[in-house]
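K.L.:
Given next are the chains, with one letter for each unit.
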Amino acid sequence: MDGEPTDAALLHAVSTRDVGALHELYRRHAGWLAIRLSRRCNDHDLVEDAIGDTFLAAWQKPAGFRGDGEVAAWLWGIAIRRLVSRMRHRTGVVVQPADAVVVPAAEDQVLLSVEYGDMGAALAKLSPEMRAVIQAVVLDGLTAKEAAQLLHVPVSNVKTRLYRAKAQLRAVLAEGVS
Amino acid sequence: MTDWHVDDEALRRWVDQTDSMADGASVEQHLLACATCRSRANRESQVLDLDAVWARTREAIEAPPVGVFERALRGLGLAAPEARLVAVSRAFRSGWVGAVAATLVFATLAAAFGHTRGLWLFLAVAPIVPCVAVAFSYDARVDPALEPELVTPYSAVRLILLRSVTVLAVALPAVILFGWLIPGIEPFAWLLPGLGFTTVVLAASTWTTSLRAATVVSLLWLGLVSVLAAGPYSPDSMLRSEWQTGFFVLAALSCVMFMVRRHHLRELRPWR
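Chains as they are written, first to last, in the working numbering: chain A, 1 to 178; chain B, 1 to 272.
Derived by calculation from the structure, the hints in this document are not laboratory data.
Idealized CB from N, CA, C, for every residue including glycine.
Treat the hints with care, since some could be wrong.
Taking CB as the label site, the calculated pair distances span [as the list claims (entries may be wrong)]:
| # | chain 1 | residue 1 | chain 2 | residue 2 | range |
| --- | --- | --- | --- | --- | --- |
| 1 | B | 51 | A | 88 | 25 to 35 angstroms |
| 2 | A | 5 | B | 3 | 37 to 47 angstroms |
| 3 | A | 171 | B | 5 | 27 to 37 angstroms |
| 4 | B | 222 | A | 88 | 56 to 66 angstroms |
| 5 | B | 3 | A | 164 | 33 to 43 angstroms |
| 6 | B | 60 | A | 175 | 18 to 28 angstroms |
| 7 | B | 12 | A | 88 | 28 to 38 angstroms |
| 8 | A | 68 | B | 39 | 41 to 51 angstroms |
| 9 | B | 5 | A | 73 | 17 to 27 angstroms |
| 10 | B | 49 | A | 164 | 35 to 45 angstroms |
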């Protein structure tokens, strides 16, 4: 860092009611949070509301960040949950398909395929429903209940899909390694 | 932090949502840990009006804290937007409440020291306080907060009743309290005329503005009281049951009238 305050230092300033510090956090994080949320929800208004909620929450309870890990990850945890709770009150909102292009470009695939076998290809073989569950629970860190609200399906459905998706991934990866 | 960064192509595909789930997940995991790539991603973010979102967020942060009166209304079970709607009424600003209190104090003092003549004065003032209070809380010229409310999709009758009840909840106890201070007068005697005049004003507001209605009602009442005071009557005559029954009938009739004609509420439909 070139002399600029860290995110954690800004968050500490926020706890002393420094609006300028919150604005700097917003400047650093609102953009990528908005893109990442937009990948989960196609309703721009909802995403905007969720972003606003997130920084309002950060203003009201900056102590929620316990000082370990990244502020970015903490903000994301708030943002995705605010989005879920906003979506719960709406019907007719379409969750973005988790995967627009089924077969990813080869050069991008290198990112994931080195250590764990061909994870990218394994994920691509999952049905869209299963990918959505994997994304919500494994990658976004939601609970089964929150994922169910995000995807508008029963909780039991999320659990079943997650179980099957994991089994299928294991099988595909084991196949690739052997 | 590593020297590795998401390449431009992968970042652009992530922003455009044209990458695969695995690639997207990879980018997202990296973003959580890399401020450099985050600021690169921020520059790509043009889908949303983030400046407007920040303006709203800042507004919410800097909004004045909810007042005591509004909190009390919420405590009584009123929903937050309705509590705000009622609390923004001019009738509840300190200046207005002060003016009502000053009028009552004046009338009470006159009654306490001026004997019969003062008692007549209190009798003249006390019952019209509630109806004037209600009228003022609906006049758009008096209450600037009313204007945006009028164009919001909200049941006009519900708004009127909600506000009237709360205005009365403030004005009536004040009148009763001051009435208690006067020896020899039953404080509740003014309750029925006060209610009656208020419902008359509400009913009349289906024809004309409530402020005009309140003015007419007040003038009629003041005229009646001064005629009675000039004649061989004592202030106690107002306490007799036939008067009270009359006020009750007046209140009941006005209520019915208001509900029957509620679709003609004039000043709540200024564009008509």
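K.L.:
Each hint should be assessed against the structure and marked as holding or not.
P.N.:
Taking the hints in turn, this is what the structure says about them:
1. B:51 with A:88: 25 to 35 angstroms: holds (28 angstroms)
2. A:5 with B:3: 37 to 47 angstroms: This hint is violated: roughly 23 angstroms between Cβ atoms.
3. A:171 with B:5: 27 to 37 angstroms: Since residue 171 of chain A and residue 5 of chain B have Cβ atoms about 34 angstroms apart, the given range 27 to 37 angstroms holds.
4. B:222 with A:88: 56 to 66 angstroms: holds (58 angstroms)
5. B:3 with A:164: 33 to 43 angstroms: For residue 164 of chain A against residue 3 of chain B, whose Cβ atoms are near 39 angstroms apart, the range 33 to 43 angstroms holds.
6. B:60 with A:175: 18 to 28 angstroms: At 52 angstroms between Cβs, range violated.
7. B:12 with A:88: 28 to 38 angstroms: For residue 12 of chain B and residue 88 of chain A the Cβ distance comes to about 32 angstroms; the hint holds.
8. A:68 with B:39: 41 to 51 angstroms: For residue 39 of chain B against residue 68 of chain A, whose Cβ atoms are near 23 angstroms apart, the range 41 to 51 angstroms is violated.
9. B:5 with A:73: 17 to 27 angstroms: Check passed, 18 angstroms falls within 17 to 27 angstroms.
10. B:49 with A:164: 35 to 45 angstroms: holds (40 angstroms)
Consistency with the previously given hints fails for numbers 2, 6, 8, ordered from lowest to highest.
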